[in-house]
Amino acid sequence: MRPFEYVSPTTKAQAVSLLGASWGGTEILAGGTDLLALMKDDIVSPKRLVNIKNIRDLRGISSSPQGLRMGALTTLADLADDAGIKKNYPALAEAAIEAASPQIRNMATLAGNLCQRPRCWYFRNGFGLLPKDETGNELVADGDNRYHAILGNEGPAKFVSPSTIVPVLIAYEAKIRLEGPKGKRELPLEKFFVIPKSENEREHDLGPNEIVTEVVVPPVPNAKIAHYEIRQKDVFDWPLAVAAVALKMQGSNVESARIVMGYVAPVPWMSPEAEQALTAQPLDQETAQKAAEAAVKDAKPLSHNEYKVQLARVAVKRAILKAASGGAA
Amino acid sequence: MPDYAWPDQEHRTLIGKRITRVDSPVKVSGQAKYTYDVHRPGMLYGKVLRCPYAHAKVVSIDTSAAERMPGVKAVEIVQKPNANIHWAGDDVVAVAAVDEPTAEDAIRAIQVEYQKLPHLVSDAEPPQGATQEEGPLSMNDIDDLLDNQVPNRQIVEKIQQYGVTEKPTEDKLKSFKSSGANDAVLNALREATVHPEAASRPKSNYEKAAAQTVGDPDKAMAEAEVVSEGLYGVPVITHCCLESHGTISEWPDADHLLTHISTQNVSGIPGQMAEPLAIPASNIHVHQDHVGGGFGSKFSPDRWGIFTAQISKKAQGKPVRIMLERDAELEVAGARPSAYARVKVGAKRDGTLVAWQSESWGTGGPGGGGMPPIPYVFTIPHQRKEHTAIRNNIGPARAWRAPNHPQAAVLTMCALDDLAAKLNMDPVEFFGKNLDITKPRQDIYREELGIAANLMGWNEKWHPRAQNRSGNITRGVGLSLHTWGGRGHNSDCDLTLHPDGSVDLKLGSQDLGTGTRTCILIVAADTLGVPMDAIQLEIGDTTYPPSGGSGGSTTIGGVSSSTRRAAVDARDLLFAKVAPTLDAQPDQLECVNGRVGVKGDSHRSLSWKEACAKLGAMPITVRGTNPDRTKPPDLTNSGVGGVQMAEVEVDTDTGIVKVEKMVAVQDCGLVIDLKTAESQCYGALIMGISYSLFEEKVMDPTTGRMLNANLEFYRLAGFNDIPELVVHMMTGKGYDERGVIGLGEPPVVSPGAAISNAVANAIGVRVPFLPLTPDRVLAALGQKAGA
Chain F
1 MRPFEYVSPT TKAQAVSLLG ASWGGTEILA GGTDLLALMK DDIVSPKRLV NIKNIRDLRG
61 ISSSPQGLRM GALTTLADLA DDAGIKKNYP ALAEAAIEAA SPQIRNMATL AGNLCQRPRC
121 WYFRNGFGLL PKDETGNELV ADGDNRYHAI LGNEGPAKFV SPSTIVPVLI AYEAKIRLEG
181 PKGKRELPLE KFFVIPKSEN EREHDLGPNE IVTEVVVPPV PNAKIAHYEI RQKDVFDWPL
241 AVAAVALKMQ GSNVESARIV MGYVAPVPWM SPEAEQALTA QPLDQETAQK AAEAAVKDAK
301 PLSHNEYKVQ LARVAVKRAI LKAASGGAA
Chain E
1001 MPDYAWPDQE HRTLIGKRIT RVDSPVKVSG QAKYTYDVHR PGMLYGKVLR CPYAHAKVVS
1061 IDTSAAERMP GVKAVEIVQK PNANIHWAGD DVVAVAAVDE PTAEDAIRAI QVEYQKLPHL
1121 VSDAEPPQGA TQEEGPLSMN DIDDLLDNQV PNRQIVEKIQ QYGVTEKPTE DKLKSFKSSG
1181 ANDAVLNALR EATVHPEAAS RPKSNYEKAA AQTVGDPDKA MAEAEVVSEG LYGVPVITHC
1241 CLESHGTISE WPDADHLLTH ISTQNVSGIP GQMAEPLAIP ASNIHVHQDH VGGGFGSKFS
1301 PDRWGIFTAQ ISKKAQGKPV RIMLERDAEL EVAGARPSAY ARVKVGAKRD GTLVAWQSES
1361 WGTGGPGGGG MPPIPYVFTI PHQRKEHTAI RNNIGPARAW RAPNHPQAAV LTMCALDDLA
1421 AKLNMDPVEF FGKNLDITKP RQDIYREELG IAANLMGWNE KWHPRAQNRS GNITRGVGLS
1481 LHTWGGRGHN SDCDLTLHPD GSVDLKLGSQ DLGTGTRTCI LIVAADTLGV PMDAIQLEIG
1541 DTTYPPSGGS GGSTTIGGVS SSTRRAAVDA RDLLFAKVAP TLDAQPDQLE CVNGRVGVKG
1601 DSHRSLSWKE ACAKLGAMPI TVRGTNPDRT KPPDLTNSGV GGVQMAEVEV DTDTGIVKVE
1661 KMVAVQDCGL VIDLKTAESQ CYGALIMGIS YSLFEEKVMD PTTGRMLNAN LEFYRLAGFN
1721 DIPELVVHMM TGKGYDERGV IGLGEPPVVS PGAAISNAVA NAIGVRVPFL PLTPDRVLAA
1781 LGQKAGA
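Line order of the protein sequences matches chains F and E.
Residue numbering for the first sequence follows this note's numbering, starting at 1 and increasing by one per position.
Residue numbering for the second sequence follows this note's numbering, starting at 1001 and increasing by one per position.
So that you can see chain E by itself, here it is in the shape it has in the complex:
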């Protein structure tokens, strides 16, 4: 059996080194082509008419004027009369025209009559008595869930948990299927318990899930020697991809579709477009070279992506492009659910955590949303948790980098930090004392806490909250812990050795800017003993072997494992061909520094080119797969720990917070490229500072519209807002042998909690909600002054 295991430290030539990403030159020189840069011959421009109301019914649509306009090539009604619209900005009609201004004029020429319906866009604490226990689902509820793009898995869970109010007809099931329900949903509906008596139940925006209890929280809280209570939360933010969502579709012939799309999920797109377009997935060719940000919001072709194909068909197959405008990008193309909680947490006098109680709420838009995993990281022995999901009209949520974890970190780590302050304990000591309930990662956290404290200069900087003020400028430090899974996804790749010594490697993965190309090349080059630039890597195309979507920190584990297996197999095939020439057994051979030779005998070797010539006339291609139980060991793993610390300066006269320094200490198993791994952490810290200080999707209560769907009032951190960032990756013994684990999510989890805790340390009082804007900071200071 070939040895697929990762080489140990002394046998690695590239893996784990600090290597510059291979696509830097094309990116900094502007040669890298993003989907936004794709301009096909004869391309038409698509635009979407969006509903101006947060909740409405379409009464009538008149597209005749638009259809008569010169230059307008296709008009597609997306939501027909009687359709219910659940958020402002939802798509109603799509058009394609010869240029953008004409398409915009066509949109303006379309007359739509709406019946406005009452809307809710607030996610404020549910009023007393307004909440309703979740119950059996009506067929309208199912329609709404599908309309609102709630993931099928969650719909199945709801159906199984609560049942339905009536048995669905086969026709109804068929209509669900065309609205996006998969077989699991349809089967769940067929098998669901029917509660006809629940059909008359009036609908509330506030759905309260059953309380979850662990141990005996009442007794434990009563017996706790110190109890801290607080209010914490994070608002809805948007993904705000700098390259907006968008697609360019064309039909080279009547049966085949070519789609350029800005996506995190190249291989997964055809399967999602096939059914609405009624063609086989195998007839859909998807291509993408580079993507300008996704953060979890670009897994689906989206309705507008489907429109590009539909209106292209109406326009004789000409390429049709829809890239979202900035306002649409912020309104409809992705939002992170909010989460708020009233938390009560109890400990012994020595700091040992004993009890947790939380009443949380939040919204993920029309679909409601679940409770973040609280208490986070710390398995407090006694818990009571109640969560209310707010279903409102702000637009659908999408996975945002480490779904639910940044929220859980704020709700938990801020509550624990307040408890530490009440105990008058240094948080490093307090969190350190409770690491036993972070199993199985207690040792990792302990080591990371020590390193982080050193890098921050914590002992010199931390002070009790009471002793913080002199003048209007005050400083503080805070910390947070986080975790994530990150096991590698399913990924296939094809590696070809050519008799002339050239090597190519193909897989349908995508590089989100994280260094995926670089890491694949590192693994292949390290294994084959050739330089990285000797390998021709092709990704981002559905003609290559399928590789999973880049979400949940799964890419690096998937692509590195399949690449390793392919490269080991290719290398061993080469050894078998070369061994007779070198008068050796294949297992005596090695390939290093571009030569294939006998281990320990430098005189018996061939250059890489000479060795490959032994392949004969034909190239050989091998398929690498992950996971692959037939080719052990498992090369990827799951479960990481990280610790972050923040130092802030607050102007207590203006409430303006400046982050002065951040430290991120992170484990992710075996690091493939130290440099791009560190870059992931730098990027996460920057994104974290941005959501901690600035980002918020502001909704107007009266009109139900987003007020800041632009980059002037949807603020993002800029250069001046980014302080000294210190990143330390945990590597070496105890880490490397775990295998490769993803890193996209974990470092973005903690900044909100760490920065909020630093502000509390600086000003002596908790600012309950992110972002930490001057109004919120001044309000908290005012309450402190008045207390």
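Isolated chain F (complex conformation):
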């Protein structure tokens, strides 16, 4: 294994000061469930690992009238087990359980889940985030893209955003808090994800010398919230499509909706078209179907993934119907 430096700061400020100004030289180690595999496979080879697990400020879940705060180091197991989350944000607890096997849930952190690298098999085989061969051919478009993006795939990025928890958090209107050399900032979670245009960029708006400190979710809205994942296998499998919806109701009609898809685009994909289609409509099979159609109206499948358009459509429809019937169990 290539030698690397290992540092273990105890404060956020120390951590930030130990990070580099550009990507590649330094990686942040939390649960390690993704990073260690990437290092062993020689996909990333940092010169310095900054272990943030000893920073107490990054831990903990707390609820207040202002909402829910989850520290960056909150594990997926914590998310799934927390009584407050189970009661007030059940779709989040459910998504956390479905995200990984128990062993992984005990190690993997919330911030790590948000910052995990794509599962794209070209990326994981060492051909880069925007995969090219030695002569510059774009590999995904000409290759086996059965698991790749059907939306937002016009540029060189064709991987899909890998988190199954992020769409649910966006449905809950979560915000992410970051800290870097210039101080703190807060973003709506959906703004945190970006589509890279060059190999020097990453798939999120995190500076190379910034860390994720926490995620906050506003008080539970008066909304119907649910998520739905389509996987070929029930367990231990990456989804083929994910949808999360939050529906604010006025009487029996939808007043406003948030509809977010996962595993369809290089970023979690919000669909204003689907949201629009549901607004001021009652919730039934027909309106759910129309919203689902609207969600994939602009899909541009690649050579081998047209089926994912149907799966995204079904995921949206089923998430809406699941929310209508009461959401997560």
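Among the hints, a few may not be true.
[As the list claims (entries may be wrong)] As a list, the in silico DSBU-like pairs of lysine-lysine whose alpha-carbon atoms are at most 35 Å apart: (1) F:40 to E:1314; (2) F:300 to E:1658; (3) F:290 to E:1658; (4) E:1027 to F:233; (5) E:1784 to F:40; (6) F:300 to E:1784; (7) E:1658 to F:86; (8) E:1033 to F:233.
Since the hints were derived computationally from the structure, they do not count as laboratory data.
Only a predicted model underlies this, so the values are computations on that prediction, with no experimental measurement involved.
Model the placement of chain E on the given structure of chain F, informed by the hints.
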């Protein structure tokens, strides 16, 4: 002449009963030692530099930086400059170092320059006009065949069938020999017809074999009252052994090698390592206790196994370990050939099969590959078959549990099921109606079909394809038939009776996790009339009598027959010693329940220990052999039949298939252990569900690399994917008296066809290719909607 015959039902104490495997405690407690668990003192870690290109020529190799690294103990160049590489992941340089990270760093420090060559990794239908008749072989072709690890037997067949383009020189023959050609290949080359005019022929990736015709297929097809046409296929899958391939070799002295290897073929390993290492096979000691899966891919020491011995020698004989990483295991350590076909099959209105026509293709990697045995099980009277082998750069094929049969089952049983649907016949009735052309197993299949239909609840569950839909969840049932040989292999064993009453039994066989240890002990204990735990069994070592490789369902027939003969001989020797004491003739004696006594006289008997004391001061050892014509009868047999049925549920909105229930009805002659026999079937059904729904070796067309050489995108069935499994073994009259027949292969043959047929029944349309993934199911449904 002693009576070696298997005891009849009323005289069996253990044989045929449901007995728990003897190695369960050490396995569930983690005490069982697999090759992967072997850590020898001072052991070095070997790693292999693998070629990143699917087809390339090695231009230059610079290992100097690696050799200078601290902790690196040996570097061995495997493919020298000018060598041609035919698949990504092929071995180029092997190194040994004090630990794994150092070995990996050393690999990264090696500079190899390659000249990339054009590659093909697709096995799609050959383009029109691209196929080429097979023809005479050039010396380069022979080199390629050997390089690509095509079995010698197949090379001989090709040489004899097509001849060669030039007469090989003795030097050339010598180089073939060092590349792995055996004497049969060399003799075939010496005697081959020479066609110099064929030397200028350009090479195609698509080799078309001569058409095979039976009867008058054109006339029969023209006269058939109902004809069904379809496209069917199974992709290349990998063996994906959970214990990867690997070896640990060391030289206790300059002339002797000790090798721990994960293998299906303990006794056969020294003979394969001797020549490349230039030492006598008798100087090679091979040992293995347990193996974590082979499925046909672990018969050879493999190149990397040879490296462990070579680099150990360079490192003063220290133990060197190479266990393949997961990605290498999936890329290079075994793949099952693909098979696809356009099939046309014709019948009379009453369902009687009359004609078969198929154009098939598939790949077994660089060596091409043969046609599966189609039409499978059913000898349709009129046939035309054409097959094109695709030679490509995906890596070499290896035997995968029931080689070529699962493919043949899909190509045949799915085509027949579509014909039954076109006839609007229940498949049980349709297959049942045609059993006359499954001779000689028609009666077995008929009985099994009835039992399977009962166990499945077929009559309640089957529905015509047209009437299947309400909502997005739909169910269906399907079936398939299969066969296999399974005659016992050559196997010797030594059974020793000690004067203190202890018994040991030694043979160089291996237990693949199938219950071989348990079955050997059952046979020996049943014959000697002692408990199984009174016998000390040793297997997995080349110091024990040779016993065949565990492939082709040959182990149980081989080891049970030789064990039976040894135990009968030992028992009779004991009787001869004991008879005077009991005042009886040896043939009046029996041994049951740990006592040796006179038949029918319970007062005249000795305990086992007392009886063995009569042996005198020295133990006696007898050798049991299979086959052994001097000691009839033949205790093993060949040829089994099985029927499987599957029930599935399909979500037609997502294309996700769930198997809800599977039924396996299987004959294998005399069952030694009913419990482990049933386990074989359960395991086969699980493996079958896995390849039916999930498994596929995905190759990237541009880079020629395998994209899913891991366990996240090379999916295997997990607990939630396994439904109710019902296994019924055919036993008793008509089955037991046939003798012992192997069971490893047959139950894994049918799941693909049965599950595909169930999906067709559920959704009303054929999904042509396995695995039955959402994209393929939705595509088939889309075509149906558009039709």
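Checked hints:
Simply put, residue 40 (chain F) and residue 1314 (chain E) have alpha-carbon atoms about 28 Å apart, close enough for the 35 Å limit, and the pair holds. For the hint pairing residue 300 (chain F) with residue 1658 (chain E), the CA-to-CA distance comes to about 29 Å; that is within 35 Å, so the pair holds. Between residue 290 (chain F) and residue 1658 (chain E) the alpha-carbon distance is near 28 Å, which keeps this suggested pair within the 35 Å criterion. For the suggested pair residue 1027 (chain E) and residue 233 (chain F), the alpha carbons sit about 28 Å apart, so the restraint of at most 35 Å is met.
For the given pair, residue 1784 (chain E) sits about 46 Å from residue 40 (chain F) by alpha-carbon distance, which is inconsistent with the 35 Å threshold. In summary, the hint linking residue 300 (chain F) to residue 1784 (chain E) is supported, as the alpha carbons are separated by about 23 Å, within the 35 Å threshold. Between residue 1658 (chain E) and residue 86 (chain F) the CA atoms are separated by roughly 30 Å; this keeps the pair inside 35 Å, and the hint holds. Note on residue 1033 (chain E) and residue 233 (chain F): the hinted pairing holds, with a Cα-Cα distance of about 32 Å set against a maximum of 35 Å.
Consistency with the previously given hints fails for number 5 only.
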